[in-house]
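Chains A and B, in that order, give the protein sequences.
First residue of the first sequence: 126, per this note's numbering; consecutive thereafter.
First residue of the second sequence: 60, per this note's numbering; consecutive thereafter.
Take the hints with a grain of salt, since some may be wrong.
[Said to hold, decoys possible] DSBU-like, lysine-lysine: derived pairs with alpha carbons at most 30 Å apart:
1) A/K252 <-> A/K219
2) B/K306 <-> A/K267
3) A/K326 <-> B/K229
4) B/K67 <-> A/K256
5) B/K147 <-> A/K219
6) A/K141 <-> A/K358
7) A/K141 <-> A/K362
8) A/K252 <-> A/K267
9) B/K153 <-> B/K229
10) B/K309 <-> B/K64
11) A/K252 <-> B/K306
12) A/K385 <-> A/K356
13) A/K147 <-> A/K358
14) A/K356 <-> A/K381
15) A/K219 <-> A/K381
16) A/K385 <-> A/K219
17) B/K153 <-> A/K219
18) B/K309 <-> A/K267
19) A/K267 <-> B/K229
20) B/K309 <-> A/K256
21) A/K219 <-> A/K147
22) A/K358 <-> A/K267
23) B/K229 <-> B/K109
24) A/K141 <-> A/K219
25) B/K306 <-> A/K256
26) B/K229 <-> B/K309
27) A/K362 <-> A/K147
28) B/K153 <-> A/K252
29) A/K219 <-> A/K256
30) B/K309 <-> A/K252
31) A/K326 <-> A/K141
[Said to hold, decoys possible] Some chain A residues close to chain B (C-beta under 7 Å, calculated; not the full set):
32) P218
33) W232
34) I236
35) G247
36) I251
37) L273
Derived from the structure by calculation, the hints contain no laboratory data.
Glycine included, every Cβ here is placed at the ideal spot set by N, Cα and C.
One letter stands for each residue in the lines below.
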Amino acid sequence: MSLRVKQRPKNMTNTKPALTVKDLSVVFPESNGQSSPHTGLDVLDRISFQVHPREFICFLGPSGSGKTTLLKVVAGLVQPTSGHVNFMYHHRPKIGMVFQQASLMPWRTVIENIKLPLELEGIGNIKAHNKAREMIRLVGLKGFEDSLPRDLSGGMAQRVGIARALIHDPDLLLLDEPFASLDALTRERMWTELSRIWQAKQKTVIMVTHSINESLFLADRVLVLTQRPGKIKLDVKVELPRPRNDDIRYTPQFGKLARKLREAIE
Amino acid sequence: MSSLKRVKNILPAVLSIAFALMAWQLIVQWTQLPRFILPAPADVWSRFLKALMDGSLLYHTGITLVEIVLGLLVGITFATITGYALAKSRSLEKVLSPYLVASQAIPVVAIAPLLVIWLGDGILSKVVICALIVFFPVLVNTVVGIRAVPSALYDMMHSIRATRLQILMKLEVPASLPVLLGGLRIGATLSVIGAIVGELVDAEQGLGFLLQLGDFQYDTSMVFVAVFMLIALALFLYGVVTLLERKFLKWQA
């Protein structure tokens, strides 16, 4: 299993991209409502990139670089001012999204929160329930099925968010700084968890973060965004072996990549 | 054990009611006021039994309850629909809010006679008065409740391509339910006032009619009975709302 995963990035460039973003710009209208192309707030400036099937890419950038907006455009939550987002699939892709705050419904239990995407698709309750149990096992929340979000720690809530984002078998998984609100130790544990889940589920992933370590630990490719208006400044392949564990951060290769990314950010 | 606990819970209320009744009885005895000014608790109790036995009390209470419940239903329906539309559209809010605020400057008591003239002295005019008095607090709470739904949850719902109906049923309704039920709690109490105001203007039936009849006939005990029935109605409605809250807001406790 891990051997196959390790080789994957090398064959990837031959496949058709899962997602192609071309010349994408986003201008937010001024808050006074008078919008014209020249008076708005430039958030993203002619962004172009491709993501291959089952690739894990990471956008790295300072706050205010339009990272979240970029994800929202890909998710269809924000309309781009110009440019295109094209998917390999004929249909609009199914999206699974994990947010900065877990964004759980406080009135639903863990299992009910995780089931939500299947409910919206009209999948029968028994089937949805079984699938949700499977996801709960995957993210390591067994025993918390009937807990309410208010009883969960930040890390547990994010696991619920991840399970919910994966349950409907999305074509594309979007992660918006999912671990930013967690403490350092929990965050690092979640990296290992996410790494494991990703290898088990083989999803195409776009993640945004402002943590260099996080991006190097998880991604196949890291793209650095500049300050607003966000432009792609650097596109680096992360050829670190998988599965990655904590030790990888002390390798010279990791250090070199980290330095390169840090220089690009500044 | 649990029944003992329950006794402990209601004991203060029972004691305070017993104390109030005793004080009332003492005041009657000390002041020697005639019965048509201040009847003793025992007078009110026997008047209550008499009205209960001849069926008039239940009949009139039933009429008032019907007016209140219909008024609540109509008021809540219009208020939540209007409130939802206002919450969703700032421009609609700008157009409608002067009227809504103006409508609140006029006490319902002032237009109740008009409504009775226009709609007759039957149940209809009372239902409309109830609905009007319930409308505003429920409307305001609907707007507040819908606007308070976190935008992150909207994003989440859109990312999994929820339809408008799914967003309404699975997000907006449950998320705003605590505030909506708060509006209902205020509305339920106000609707009792609405029904009585309408009945006092002109009616042939209902607790307000009974109250006025007692007043005209110097049957003060009857007035007291009617007032206590109103209190009972208000408590009943309050209890229903509390039950709803307990059922639907378990996650909040």
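Results for each hint:
Between the alpha carbons of A/K252 and A/K219 the distance comes to roughly 19 Å, so the proposed pair stays at or under 30 Å and holds. For the hint pairing B/K306 with A/K267, the CA-to-CA distance comes to about 27 Å; that is within 30 Å, so the pair holds. A threshold of 30 Å between alpha carbons decides the hint, and for A/K326 with B/K229 the separation of about 28 Å falls inside it, so the pair holds. Annotation: proposed proximity of B/K67 to A/K256 is violated, straight-line Cα distance about 47 Å (limit 30 Å).
Proximity of B/K147 to A/K219 is assessed by CA-CA distance (about 27 Å); at most 30 Å being required, the pair is judged to hold. Between A/K141 and A/K358 the alpha-carbon distance is near 24 Å, which keeps this suggested pair within the 30 Å criterion. Between A/K141 and A/K362 the CA atoms are separated by roughly 18 Å; this keeps the pair inside 30 Å, and the hint holds. Distance restraint check for A/K252 and A/K267: the Cα-Cα separation of roughly 18 Å lies within the 30 Å cut-off, and the hinted pair is therefore satisfied.
For the proposed pair B/K153 and B/K229, the alpha carbon gap of about 28 Å is at most 30 Å, so the pair holds. Distance check on the hinted pair: B/K309 and B/K64 sit about 22 Å apart at the alpha-carbon level, within 30 Å; holds. Restraint check for A/K252 and B/K306: satisfied, since their Cα atoms lie roughly 27 Å apart, inside the 30 Å limit. For the given pair, A/K385 sits about 17 Å from A/K356 by alpha-carbon distance, which is consistent with the 30 Å threshold.
In summary, the hint linking A/K147 to A/K358 is supported, as the alpha carbons are separated by about 15 Å, within the 30 Å threshold. Taking the CA atoms of A/K356 and A/K381, the gap is about 23 Å. The hint holds against a cut of 30 Å. About 36 Å separates the Cα atoms of A/K219 and A/K381, which puts this hinted pair outside 30 Å; it is violated. Distance restraint check for A/K385 and A/K219: the Cα-Cα separation of roughly 34 Å exceeds the 30 Å cut-off, and the hinted pair is therefore not satisfied.
About 38 Å separates the Cα atoms of B/K153 and A/K219, which puts this hinted pair outside 30 Å; it is violated. Between B/K309 and A/K267 the CA atoms are separated by roughly 23 Å; this keeps the pair inside 30 Å, and the hint holds. For the proposed pair A/K267 and B/K229, the alpha carbon gap of about 25 Å is at most 30 Å, so the pair holds. This hinted pair checks out: B/K309 and A/K256 have alpha carbons roughly 26 Å apart, not beyond 30 Å.
This hinted pair checks out: A/K219 and A/K147 have alpha carbons roughly 20 Å apart, not beyond 30 Å. The hinted pair formed by A/K358 and A/K267 fails the criterion: a straight-line CA distance of about 42 Å is larger than 30 Å. A hinted pair counts as satisfied when its Cα atoms are at most 30 Å apart, and B/K229 with B/K109 does not qualify at roughly 51 Å. Under the criterion of a C-alpha separation no larger than 30 Å, the hint pairing A/K141 with A/K219 is consistent with the structure, at around 18 Å.
Among the hinted pairs, B/K306 with A/K256 is consistent with the structure: their alpha-carbon atoms are about 28 Å apart, no more than 30 Å. For a cut-off of 30 Å, the pair hint linking B/K229 to B/K309 stands: about 16 Å separates their Cα positions. The suggested pairing of A/K362 with A/K147 holds, with an alpha-carbon distance near 20 Å, which does not exceed 30 Å. A hinted pair counts as satisfied when its Cα atoms are at most 30 Å apart, and B/K153 with A/K252 does not qualify at roughly 47 Å.
Distance check on the hinted pair: A/K219 and A/K256 sit about 17 Å apart at the alpha-carbon level, within 30 Å; holds. For the given pair, B/K309 sits about 26 Å from A/K252 by alpha-carbon distance, which is consistent with the 30 Å threshold. As the CA atoms of A/K326 and A/K141 are separated by approximately 20 Å, the hinted pair is consistent with the 30 Å bound. Because the closest C-beta pair between A/P218 and chain B is about 10 Å apart, greater than 7 Å, the hint is violated.
Because the smallest distance between the Cβ of A/W232 and any Cβ of chain B comes to about 4 Å, under 7 Å, the interface hint for this residue holds. Of the supplied interface hints, the one on A/I236 is violated, with its beta-carbon coming no nearer than about 14 Å to a beta-carbon of chain B, more than 7 Å. Given the 7 Å rule on beta carbons, the hint for A/G247 is violated: about 10 Å separates it from the nearest Cβ of chain B. The interface hint given for A/I251 is broken, as the beta carbon of that residue sits about 19 Å from the closest beta carbon of chain B, more than 7 Å.
Hint status for A/L273: holds, given a least beta-carbon distance of 5 Å to chain B, under 7 Å.
This entry does not satisfy hints 4, 15, 16, 17, 22, 23, 28, 32, 34, 35 and 36, going by the numbered hints stated previously.
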